[in-house]
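K.L.:
On the provided structure of chain Z, position chain G as indicated by the hints.
Heads up: the sequence lines are chains Z and G, in that order. Note that the numbering used here numbers the first sequence so that position 4 is 746, with each residue one more than the last. Note that the numbering used here numbers the second sequence so that position 198 is 351, with each residue one more than the last.
If you are wondering where the hints come from, they were derived from the structure by calculation, not from laboratory data. This list has only true hints and no planted wrong ones.
Only pairs whose alpha carbons sit at most 16 Å apart, straight line, appear in this in silico EDC-like list of lysine to aspartate or glutamate:
#	chain 1	residue 1	chain 2	residue 2
1	G	K155	Z	E805
2	Z	K816	G	D209
3	Z	K816	G	E202
4	Z	K775	G	D209
5	Z	K774	G	E202
6	G	K166	G	E202
7	Z	K751	G	E231
8	G	K215	Z	D783
9	Z	K816	G	E162
10	Z	K798	G	E231
11	Z	K798	G	E193
12	Z	K798	G	E198
A few chain G residues that face chain Z, going by a derived Cβ cut-off under 8 Å, partial list only:
#	residue
13	M154
14	I232
15	N235
Reference excerpt, derived from the structure (chain Z facing chain G, CB under 10 Å, subset only):
#	residue
16	S785
17	G787
18	T788
19	L794
20	K798
21	N814
Glycine is no exception: its CB is placed at the ideal position from the N, C-alpha and C atoms.
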Amino acid sequence: MSLRSQLLKGILDGCILAVIEKEPVYGYELSKKLQEFGLSDVSEGTIYPVLLRLQKNGLIRGEMQPSESGPNRKYYFLTKEGKESLDSIVTEWKQMVGPVNSIFKGRLE
Amino acid sequence: MKAKHLIEENNRKREQLTPENEKYYSDMLIYIRLQLTLSEQQSEEVLMEMLDHLLDGQNEGKTARTIFGDDPKQYADEIIQNLPKEKKREVIPFVSRLVLDLVSWMLMIRGVAILVGSQIKNEAVDSSVYLFSSLLTLSLILGSVAFGVWFIFRTIQRSLFNEHASEKKDMVKVGLFGAISMGLVIAPTMLIPEFGPSFHFSWWASILTGCALWVIVFTLKKLEVGLR
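Isolated chain Z, as found in the complex (with noise of 0.2 Å):
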């Protein structure tokens, strides 16, 4: 596995938290979402494992609702544990980003 793919997996949770925190989404928008914040590595296919985790653990809730373009999708909530969860999540990254940055600087580039 890449490093960025490893680093990725690590993040990931949080990332699709945040985008459904936003606002609920299927799993087609949450995909384009994540390439159009410019994660277009993440293959398609691997938020649907990640979805099913978080919503067994209770992060995330799945409703079947009429999508813009007609048909039934299944949209994605965020619920009061997958609030707390993302908190948590972003004060993690915000501890270790800071400081990542500042050992990194200075590097010539």
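P.N.:
Same frame as chain Z, but now just chain G:
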């Protein structure tokens, strides 16, 4: 939406897939559905999501391989790993219904067999039931059915994600298994000694009980579907 409707919708939508995508997706679908211990509702929901995604992607010129990766089996394993198990209160009624259904048919067939046998032989056929012998026979049959289900599922599983799967060979394998297990059930049944408490159970009582049981099982099934 209930699992049954999702399955029907899945069948309809799958027809829109290109042959290549259809093969890739269907192998994953069968592989995931063969996992009997997983929640049927959740399995069907994620299968529908994956199908919708694939259809959307197909419209943009993507293939199943670009969406789900080059290793469909590994991907399906990841899905399976994250699916919740079926709840016990869903499993127990399902299995008991299967068993009772089988028992009802055995009772009806037994009744008919005794009736026909006594007509042919022109004398009364012994219609006593030896409790322990019958229970032993029943468990032998149930055991071979359970093993058969496992064996057939395993054979299907091995034929998936495999370009060189030989359908003929699998058919011969399953056929042979059927013949052998039949023999394995019939032979001991004839050898089992009659033991345990016994009672008289006439042909018409056997048929009546079988029919009544079958009607009960059938009604329960209808009721359960209605309640869902």
